[in-house]
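A.B. asks: Using the sequences provided together with the hints, build the complete structure.
Here are the chains, one letter per residue:
Number of protein chains: 2
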Amino acid sequence: MSAASTPERPAGGRREELLAIAARLFAERGFKNTTVRDIADAAGILSGSLYHHFDSKESMVDELLDTFQRELWKEYDAITGSDLSPRAKLEAVVRASFDAIDHHHSEVAIFQNDASYLIGFERFGYLEERNVRFRRLWTGLLEAGVEAGELRADLDVELVYRFLRDTVWVAVRWYRPGGELSPSQVADQYLTILLEGIAKTDG
Amino acid sequence: MSAASTPERPAGGRREELLAIAARLFAERGFKNTTVRDIADAAGILSGSLYHHFDSKESMVDELLDTFQRELWKEYDAITGSDLSPRAKLEAVVRASFDAIDHHHSEVAIFQNDASYLIGFERFGYLEERNVRFRRLWTGLLEAGVEAGELRADLDVELVYRFLRDTVWVAVRWYRPGGELSPSQVADQYLTILLEGIAKTDG
DNA sequence: GTCTATAGTATGATAGAC
DNA sequence: GTCTATCATACTATAGAC
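If you're matching them up, the sequences are chains A and B in order. For the first sequence, UniProt numbering gives the first residue as 1, with consecutive numbering after it. For the second sequence, UniProt numbering gives the first residue as 1, with consecutive numbering after it.
One thing to keep in mind: the hints can contain errors.
[What the hints assert, rightly or not] In the DSS-like style, the derived pairs of lysine-lysine whose C-alpha atoms are separated by at most 25 Å in a straight line are:
#1 B:K200 - A:K200
#2 B:K74 - A:K32
#3 A:K32 - B:K57
#4 B:K32 - A:K57
#5 A:K32 - A:K57
#6 B:K57 - B:K32
If you're looking for bench data, these hints aren't it; they were derived computationally from the structure. Fair warning: this is a prediction, and the values are worked out from it, not measured in the lab.
C.D. replies: See below:
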């Protein structure tokens, strides 16, 4: 989206700094509830100055979501292209997703809270495309897992997919990076529940 | 919240009609993204006329959420007060929740999408209280289930509670009342996944 | 119960000086 | 890269006529 001109420092120049501030505010309050003045205030400048760096408020959230989704899909593609078993791939995708919640918390939160609103604009059509790809990824893995005899055959794949997708991403609402639980620990517990259930089966 | 003056018809008078329209729009677009003009337009009147029925836009969403939560808690209290086993109570609470998604779809959607924003106003402090009650309900049932030997003891109750809570309510994002799946069917599948898992355990 | 008319404010964005 | 100043618009809400 931008040709990194002079990458002198980690997290780049002023533009990336402002983008990070906007990300935090969008994630905390929602896109619509965050004004350009809020962002400027948090950055210690006036709202008009923001427009030296960005075309519009929409451009900011666009860049945030697009960058994040590209990175995430690189990881997903590496997993699906590997030679792991369907069940192992499914576990890897879950773990990669919880890692994303940890490392790109704001972006995930924005996507969770505001995607349904943003998707209404042509500019954000790519979000819909990614949703379709995401659905294919999960249902493909679930079907392959059933076929391989690794997963139960009596469940509605479409429905399991929705539970899976939602449960993974909705964790962004309570997960706090740097808190007590690592993304790996959360993924462990989640995969145990998902795969084995919470009922006591043996004595 | 209001003394039903002349209940002549199902769903009452004009006030309830307008409230239902507002609920639909709030649920579809979000509270902040829905203007009083949108609501008035959908009702075929002008925005100023809405203020004959309601103090403010906030009053509308307040009445919607408060009414809904009162009704929901009546059901929860009946379940917890029953003599069912912990696991059966847990199942009943899950079923009651999916029923709520079916029967009060807009209200659940509004709560899911906008509660975190609304909770910032003192007026909506009761939402925070209900969240606390909700947490106690779930964790209490989970702990009782473990103690009764019905649920696995090796899981983090706090974490299971979050997954449970989120997975149940987030279904409002895809569930459509009157669609192919009944709330009971969704609850069946969900409880199977939650209790038994999706992995194939035996031949 | 709805309309006309409008107040008061907040918002996204722009132009040009520094 | 930021500030000053400001425009145009959209929003919630009100007062009083019908």
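A.B. asks: Does each hint hold? Answer for all of them.
C.D. replies: A quick look at each hint next to the structure:
{"no.": "1", "hint": "B:K200 - A:K200", "in the structure": "holds (16 Å)"}
{"no.": "2", "hint": "B:K74 - A:K32", "in the structure": "violated (35 Å)"}
{"no.": "3", "hint": "A:K32 - B:K57", "in the structure": "holds (17 Å)"}
{"no.": "4", "hint": "B:K32 - A:K57", "in the structure": "holds (17 Å)"}
{"no.": "5", "hint": "A:K32 - A:K57", "in the structure": "holds (10 Å)"}
{"no.": "6", "hint": "B:K57 - B:K32", "in the structure": "holds (10 Å)"}
The structure fails hint 2 only (numbered hints given earlier).
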